[in-house]
Each structure stands twice: as C-alpha cells, then as structure tokens.
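K.L.:
Single-letter residue listing:
Protein chains: 2
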Amino acid sequence: MTYCVGLRLKSGLVFMSDTRTNAGVDNFSKTKKMFTWEVPGERVITIMTAGNLATTQSLISLIEERSKIASDRSATILHEHSMFQVARLVGDTLKEVIRESNSNDGMKGASKFKATVILGGQIKGSDPTLFLIYPEGNFVEVTTENPFFQIGELKYGRPILVRAFDESLDFDEAVKLLLISFDSTLKANLSVGMPFDLQTYEKDTFKVRSEVRIEEDDAAYAEISNSWGEALRSAFKELPSYK
Amino acid sequence: MTYCVGLRLKSGLVFMSDTRTNAGVDNFSKTKKMFTWEVPGERVITIMTAGNLATTQSLISLIEERSKIASDRSATILHEHSMFQVARLVGDTLKEVIRESNSNDGMKGASKFKATVILGGQIKGSDPTLFLIYPEGNFVEVTTENPFFQIGELKYGRPILVRAFDESLDFDEAVKLLLISFDSTLKANLSVGMPFDLQTYEKDTFKVRSEVRIEEDDAAYAEISNSWGEALRSAFKELPSYK
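First to last, the sequence lines map onto chains A and B. Read in order, the letters of the first sequence correspond to residues -12 to 230 in my numbering. Read in order, the letters of the second sequence correspond to residues -12 to 230 in my numbering.
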C-alpha cells in the first residue's frame, strides 16, 4: 500500500507521500511516489500515485516521455492551459495504461491494475488546486468543504486531518499536521513506510517552495512523533470521565 | 459496517459496539451487536459481532437456542468448562452458519456471508479473557502484547488505542479511551453509528458490572467528544514545528 496526502492551504499546496512498495511481506522496497514538473515562472505540477506499481510507473513514464517529445499538435502537461485540462490528460493517460494492462488475452485482472492519483499545482492565470483522479480516468477537484485528498491507506491518518485541518494553517503547521497523520498510519500499518517525501508550494510563485525527504533517522520527525504521543496521552488523562 | 472493541484490563473486561447496520446507504437501521449470557456467580460470556447480518443473527440465535434446550450430551456455552471451549463452540457454530449459507446451489457468494466475532468473559476457575473468532471458525486469544481486539471498521479508531491503551487503566479511563476511539471513527465513516453499547466486567465477580446504551443526545458523550477535539487541536498547536 501507500499513503499520500495533498492539502490546499490559502497560502499554497502541501504534498506528502510515503515510499514503501510491496508485493507480499517479503518483497518490499522503496519507490518514489511524488513527481514534479516545473516551468519556473509559469507552472508547477505535482503528481502522487497509489496503486499497482506497474501502472503508476507506466503512467509517469508516459507523461514524462510525452512532455519531452511533444509536437505542436499533441497535448502535454507542460502545454495545457489549465489544471483542469492537465487533470483530463492525466486521467486519460491513466485509463489508457489500465486498459492496455487489461487487454492481455486470457489475463483477466482488472482490479489488479488499478491506481489512484493526486494531482496538484498551479498554472499562470489561475489559482493553485488539487484533483483526485480515479482509475476510470474521471476526477474530482478540491473544494472548500473538502479541502484535502488522501490516497492509499488513508483511514488511520484521517481523524486528525478531519479534526485539525484548516485552510488557514501556515506551511509549518500544515507540515506538522501531515507528519502526525503519517505517524499515526505508520504506527498501525506495515505497508506504509519511511522515508517520506514532502513538498510545499507557495501560491503565485510558480516554483517549488521546498522539497525534502524525511529519512528514518530524522531527529526532528522523531521529536514530533514522540511529543505527539505524549501530548495525546496527557490530553487523554485530562479528559473528563464518562459520567 | 460495524465497529466493536474488546479490551482486557488487569481489573476486568470492557466491551463496546456501535449499532448501525446497512445494506447500501438508503437501507440502514439499528441492531444490537452485543450479547451476554450470565450465570451469576459462575460465568459471564459476552459476544460482539461484525459482518453479514443474516450470518450474525443466525449465529446468536443458534447459540441462544442451544443453550436453552441442551440435553446433557450436547455442549452449550453455558456448560463448557473453559472460555477456550466456548470459543471453539462459537467458532464451530459460526463456521456452520456460513457453510449453510454457501451451500445454496448456484448461489455462490462465499465472502458475502462472512462474519467476525469478539468473545470475552470469565468462567469460574480461570481468568477473564478475550478471543477474536474468524469466519473460518478458528480464533486467537488476547495476549499481553496484543491486549485488545477490534472488528469491523477498525482503522480510524486504532491509532489512539495503539498509543494510549495500557492494561492497568481503570474502568473509567478505559471507557473514556473507547469513547475517543469510537468518536474518531464516527467522525470519518458513515457506516458506524450511534447509539453505542457499552459493558464492563470486573474480574472474579461473575456478573456484569455495568451496561449502558449511549444515545445520540448523551450529554456526557458530547462533552468527551468536544473536549477531545479541543484537546487535540491545542496539543497540535503546542507541538514543535518540523525543523
């Protein structure tokens, strides 16, 4: 499995993904799940993927390849005029990859090739936004009522997001919140693993604000994890009893 | 779905279950998922169920019926000499119900009839214990390393249990912890719903210590839910930033 979250803040976007990939418990490794295309001053586009690794790798390779060899006629994520059109393009490409995997005669396994994508970024002329793209190629856009997307093993880390997320958080707070959400997931599920990839994007800058890989021995992360554990336990102790 | 948790404390057992049952989103109702058999001074046995409602109702009906009309020869949960034997009996009965549902000619749907059970209690002569019983009829017993069981929609409410549970909690603290875990689940998933059933059992008393149904308008629960939300947000604010 995988855990990725994309947040839309008033001041920009924050992306975080884990890096574990596994087929069974004795075949696991690290793989990058966050990919960025940047045209400084003009657009920043970030994609995070969850699902079948063959599918997500093909998706990223196709997007990458097409963005490089594009003739004037073909659409690429570097030439589309809006994030909505980029989402359509990524959705169509994802659908294409899944369809091709399924078309092998006699090798039925539709659900096996599924993948889900979080797409976010900003193109000059419109606001930063996020999309959640389904294996069928269709997608939904982030809204004020639903200001973040999660993919993969999302349940463990959801309660804290539901309770503490607010679009007016600053970048430091949003990163802290994501680290807590990832930490809760990590503590409960073996298929989500460190290191984590973290990226922030500040509105109207059209370049990545910060990008960091948080390794297992990261002291600042360990401090957040430990402090949060203690804070939870002491909040729990101080809570009134039931009746 | 469903959410049920059984905790083993040093001082006894605590059980909590939700009551929502649904087939789709427009067909839902309340149903009891916690069932208790008591022989005062001799044994208390509690069962919580998750899964297909037809399966779990048949299971409980069979157990109930057999415990009433037992001849000297047949085993019932009121006559077995240990919780381990009760677990075997419940597991066998569960397997029997699922096998019968699956034997309808031409109506294949093995996974549809699945159910999982938490069994807990104490029989005179041994300690209180908990079992997690699988649809296949086999089961695992609670251990010091793994001192609680969850069934149903268990992921949302797991992180707080993992972090704050300790066998030396008293009953009030354990109830508080369960309410937080259920509240986190409720906030994130429509298929788990109030009222909740809550039961506590004190070691070596051989009678139920307390049993309460927590309704939606329960003021004490609302206070815990709100206080916990506030406590989380303030713990979050006070946490150090990442670097």
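Treat the hints as calculated values from the structure; they're not laboratory data. Some hints could be false.
Note: identical chains are not told apart, hence a pair may lie in one copy or across any two.
As the list claims (entries may be wrong) - Derived DSS-like pairs: lysine-lysine, alpha-carbon spacing no greater than 27 Å straight-line:
1) K224 to K174
2) K(-3) to K17
3) K55 to K224
4) K194 to K230
Treat the numbers as computed from the prediction; the structure is a model and nothing was measured.
K.L.:
Run every hint past the structure and note whether it holds.
P.N.:
Verification of the hints:
no. : hint         : verdict
1   : K224 to K174 : both (21 Å within a copy, 21 Å between copies)
2   : K(-3) to K17 : neither (32 Å within a copy, 41 Å between copies)
3   : K55 to K224  : neither (57 Å within a copy, 44 Å between copies)
4   : K194 to K230 : between (54 Å within a copy, 21 Å between copies)
Hint compliance for this structure: hints 2 and 3 are broken, all remaining hints hold.
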